[in-house]
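**Student:** Could you slot chain B onto chain A? The hints should help.
Number of protein chains: 2
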Amino acid sequence: MRAGIIGTGLIGRGWAIAFARAGWDVSLWDREPGAAVSALSSVKTALGDMAAVGLVANPDAAASRVRAADRLAEALQDTDYVQESVPEDADIKRGVFGLLDRHAPDGVPIGSSSSSIVGSRFLSEIPGRDRCIVAHPANPPHLMPVVEVAPSPWHADAFVVEVCGVLASIGQVPVVVRKEIEGFVMNRLQTAVVNEAVGLVARGVIDPADLDAVMKHSLGLRWALMGPFETMDLNAPDGFLDYAARYGHLYQAMGRDLHVGEAWQDHALQTIEDSRRRETPRAAVGERMRWRDRALMRLMSLKNELESPAGGN
Amino acid sequence: MRAGIIGTGLIGRGWAIAFARAGWDVSLWDREPGAAVSALSSVKTALGDMAAVGLVANPDAAASRVRAADRLAEALQDTDYVQESVPEDADIKRGVFGLLDRHAPDGVPIGSSSSSIVGSRFLSEIPGRDRCIVAHPANPPHLMPVVEVAPSPWHADAFVVEVCGVLASIGQVPVVVRKEIEGFVMNRLQTAVVNEAVGLVARGVIDPADLDAVMKHSLGLRWALMGPFETMDLNAPDGFLDYAARYGHLYQAMGRDLHVGEAWQDHALQTIEDSRRRETPRAAVGERMRWRDRALMRLMSLKNELESPAGGN
Numbered sequence: 002m003r004a005g006i007i008g009t010g011l012i013g014r015g016w017a018i019a020f021a022r023a024g025w026d027v028s029l030w031d032r033e034p035g036a037a038v039s040a041l042s043s044v045k046t047a048l049g050d051m052a053a054v055g056l057v058a059n060p061d062a063a064a065s066r067v068r069a070a071d072r073l074a075e076a077l078q079d080t081d082y083v084q085e086s087v088p089e090d091a092d093i094k095r096g097v098f099g100l101l102d103r104h105a106p107d108g109v110p111i112g113s114s115s116s117s118i119v120g121s122r123f124l125s126e127i128p129g130r131d132r133c134i135v136a137h138p139a140n141p142p143h144l145m146p147v148v149e150v151a152p153s154p155w156h157a158d159a160f161v162v163e164v165c166g167v168l169a170s171i172g173q174v175p176v177v178v179r180k181e182i183e184g185f186v187m188n189r190l191q192t193a194v195v196n197e198a199v200g201l202v203a204r205g206v207i208d209p210a211d212l213d214a215v216m217k218h219s220l221g222l223r224w225a226l227m228g229p230f231e232t233m234d235l236n237a238p239d240g241f242l243d244y245a246a247r248y249g250h251l252y253q254a255m256g257r258d259l260h261v262g263e264a265w266q267d268h269a270l271q272t273i274e275d276s277r278r279r280e281t282p283r284a285a286v287g288e289r290m291r292w293r294d295r296a297l298m299r300l301m302s303l304k305n306e307l308e309s310p311a312g313g314n
Numbered sequence: 002m003r004a005g006i007i008g009t010g011l012i013g014r015g016w017a018i019a020f021a022r023a024g025w026d027v028s029l030w031d032r033e034p035g036a037a038v039s040a041l042s043s044v045k046t047a048l049g050d051m052a053a054v055g056l057v058a059n060p061d062a063a064a065s066r067v068r069a070a071d072r073l074a075e076a077l078q079d080t081d082y083v084q085e086s087v088p089e090d091a092d093i094k095r096g097v098f099g100l101l102d103r104h105a106p107d108g109v110p111i112g113s114s115s116s117s118i119v120g121s122r123f124l125s126e127i128p129g130r131d132r133c134i135v136a137h138p139a140n141p142p143h144l145m146p147v148v149e150v151a152p153s154p155w156h157a158d159a160f161v162v163e164v165c166g167v168l169a170s171i172g173q174v175p176v177v178v179r180k181e182i183e184g185f186v187m188n189r190l191q192t193a194v195v196n197e198a199v200g201l202v203a204r205g206v207i208d209p210a211d212l213d214a215v216m217k218h219s220l221g222l223r224w225a226l227m228g229p230f231e232t233m234d235l236n237a238p239d240g241f242l243d244y245a246a247r248y249g250h251l252y253q254a255m256g257r258d259l260h261v262g263e264a265w266q267d268h269a270l271q272t273i274e275d276s277r278r279r280e281t282p283r284a285a286v287g288e289r290m291r292w293r294d295r296a297l298m299r300l301m302s303l304k305n306e307l308e309s310p311a312g313g314n
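Protein chains in written order, with the numbering used here: chain A, 2 to 314; chain B, 2 to 314.
Some clues are possibly wrong.
Which copy is meant is left open, because identical chains are indistinguishable; a pair holds if it fits in one copy or across any two.
Capping the alpha-carbon separation at 25 Å, the derived lysine to any residue pairs in SDA-like fashion look like this [said to hold, decoys possible]: (1) Lys180 - Trp155; (2) Lys45 - Ala210; (3) Lys180 - Pro34; (4) Lys180 - Leu251; (5) Lys45 - Arg122; (6) Lys180 - Gly262; (7) Lys45 - Arg66; (8) Lys45 - Gln78; (9) Lys180 - Asp90; (10) Lys180 - Ala210.
Worth flagging that the hints you see were computed from the coordinates, not collected in a lab.
Only chain A is shown next, with the shape it has when bound in the complex:
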């Protein structure tokens, strides 16, 4: 099987790693000359790092399956799946999809990594729009496996199932976003948290570093293992409806009091920036990013173990 990866920024490279890890051949293309070639070395490095924590069995073989194409048509040749990850701009995506639809083999699905633009805004005029669909990954795709498959009104159910099947076959976790909605699901949940967090800092309720501590030392630990509904289901003797009956009034009252719909205050943003620089000085940011990526790999490895049959799930 061969994947065509169009656009080789962080997201495109993550897709390349995910397909190569699963045994696929991968062709990379980027509109900026040289970008695809230079992506090869970071793909190889990431595969090596993942092998070190047991996430890839044979990193050299995986890396050898990834090649850079000089021309777009060459990158699309003999592909079984194509994924677009160009900049988040409806005009750019519309133009790229016109080319992809023209040159990709007949019937091959073409996914878009669009993180906020719904498919109707850039796919509706594409002749082969039936095989072009939003498939929004988390960032980075090879370490956070969810992909939001977000059909537009014209898509057939069977096509959605087919795309989900491809993604699941390489170890990603496809979910279907059934309506064209701003931010899909992932970014809406993230926005709810971020906006409330900014509002709390704006009101002087909590220091930014302490807010981050609340997340990473409580809620985030739980949510790394189970989503909000399962969490609630397991926290009442008779399950989710019992939980809703006991505590629903508190959630609904508090929901009316939250700050998620408010504008961000400049003074709060400055307070957060100042706090971040105290916690991680500018010169230490690169090292912290490498720590984050290694930590995500270790976490993914732990979760694979916990979710295997021997892990008790």
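**Tutor:** For chain B alone, kept in the frame of chain A given last:
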């Protein structure tokens, strides 16, 4: 050092484990006869489970430091810190704090595990209110170390620092909630996510199991390692303010479109319950809860390793 743990439900037992793990003696008391004695065995079991993943060095010694008291005054004798974890009811807490303040040694801080009631609603009339303060843990306290220390208007800064010092000394992560606000911080962030999640299911945007998948296979992985502000800071070339300048307008526009202030729809609640029972049948819930607790221990162990100096942070 000795801690008095008042109320021996899940939260009180978690506190007992946290203090005993740190080398403190612990006295348990519960208003229900026999409850404190029966808590001893679950404390011992949990300490053994934690030892198995390296979170406790000597579980038998830790368990032997925990004893059940017959009378409240006996549980408070010779304590250096007292933590109340009785039911979430202002009248009950007010009554218990009257007794605790009367019988606890002079000057010993008394924390309340109140998860939603602010201190002014049950502490303001207590003669020794200066030493009585909300110290709200996550659940369970021994596996999710954040404690929200939420002073009331009358509290001295030095006292807040003292309480945070005690909690930090046993390995918890105290944060200060500087204003008396509904839900403190943790439950407000949780409510933002839960209410949006319920709203998305109500609109048929996503299936409940898929929403849980989005959390545990993307956002939750990130948030287990770093909070929202650090996440944003590391995701733009020039830090948090750069991130805010690039993407702030998207967050603010989406924030106005979220469902966090809406009432929960009954049909959505039923859809979630039905989904949960397909994923985890009633008979499998107990096993899943044990899996969750073991998984949290493994995750805490991994995070301890990642956050040690050798872990690269």
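**Student:** Tell me the hint numbers this structure goes against, listed in increasing order.
**Tutor:** Of the numbered hints given earlier, those the structure breaks are 2, 3, 5, listed in rising order.
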